[in-house]
Amino acid sequence: DTGVSQDPRHKITKRGQNVTFRCDPISEHNRLYWYRQTLGQGPEFLTYFQNEAQLEKSRLLSDRFSAERPKGSFSTLEIQRTEQGDSAMYLCASSLTGQVAEAFFGQGTRLTVV
Amino acid sequence: AQSVAQPEDQVNVAEGNPLTVKCTYSVSGNPYLFWYVQYPNRGLQFLLKYITGDNLVKGSYGFEAEFNKSQTSFHLKKPSALVSDSALYFCAVRDREDSNYQLIWGAGTKLIIKP
Numbered sequence: 001d002t003g004v005s006q007d008p009r010h011k012i013t014k015r016g017q018n019v020t021f022r023c024d025p026i027s028e029h030n031r032l033y034w035y036r037q038t039l040g041q042g043p044e045f046l047t048y049f050q051n052e053a054q055l056e057k058s059r060l061l062s063d064r065f066s067a068e069r070p071k072g073s074f075s076t077l078e079i080q081r082t083e084q085g086d087s088a089m090y091l092c093a094s095s096l097t098g099q100v101a102e103a104f105f106g107q108g109t110r111l112t113v114v
Numbered sequence: 115a116q117s118v119a120q121p122e123d124q125v126n127v128a129e130g131n132p133l134t135v136k137c138t139y140s141v142s143g144n145p146y147l148f149w150y151v152q153y154p155n156r157g158l159q160f161l162l163k164y165i166t167g168d169n170l171v172k173g174s175y176g177f178e179a180e181f182n183k184s185q186t187s188f189h190l191k192k193p194s195a196l197v198s199d200s201a202l203y204f205c206a207v208r209d210r211e212d213s214n215y216q217l218i219w220g221a222g223t224k225l226i227i228k229p
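Taken in sequence, the protein lines are chains A and B.
Start counting the first sequence at 1; every next residue gets the next number (our numbering).
Start counting the second sequence at 115; every next residue gets the next number (our numbering).
None of the hints are false.
To spell it out: a stretch of chain B is covered by chain A in this simulated footprint if at least three of its residues, at any positions, have a beta carbon under 8 Å from a beta carbon of chain A; those stretches are: (1) 157–169; (2) 217–228.
Under the rule of at most 27 Å between Cα atoms (straight-line distance), these lysine-lysine pairs were calculated in the BS3-like manner: (3) A:14 to A:57; (4) B:228 to B:136; (5) B:224 to A:11; (6) B:163 to A:57; (7) B:172 to B:224; (8) B:224 to B:183.
Since the hints were made in silico from the structure, they are not lab data.
A virtual CB, placed ideally from N, CA and C, is assigned to each residue, including glycine.
All chains, full assembly: derive it from the sequences and hints.
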């Protein structure tokens, strides 16, 4: 499978715990995006990388959220001290460079904070 | 501010009939426009995009969309609906003059095709 893959697909965690998600983009794509999607809403932008550089971070992103893409390939998204409001689907997407390039999405990681 | 509106939460169409899923947008400059589809337990899949040129854009699975600048719309259409088209559809926009490469997304429209 040469698409975008995300791991895990589902995560249930207790409030206050830390969680980390992984995204493996399409190999030749140098852009990688993280989005959050809640039920009945479109994806909400969180952050994106151009290779290993994090170029944009949403103002809505709490400082409990951090993302890395250390070698310009896979990326991790960590949420510290999870809250119930963090429950959502976390989507990763990748694309080639260029404003018109369409993004390809993974299946997402569904986080439930109890 | 940039925004996308999908005025219908749900659209119901009989199989074989034409379908339209509506999208209107607001950007300060000229738009790049996209449609994505999300099937249950699947990731968002790209359907089509408008960049420039012909206002009628053809995409995957027999879908097409028409860019209307005066009405700031980019409605998704298909001449003959299939039951397998039932899914969640998202419209997204990017301002081509904006150096920020974020896509702005609509809330989605659930399309139900009845046999």
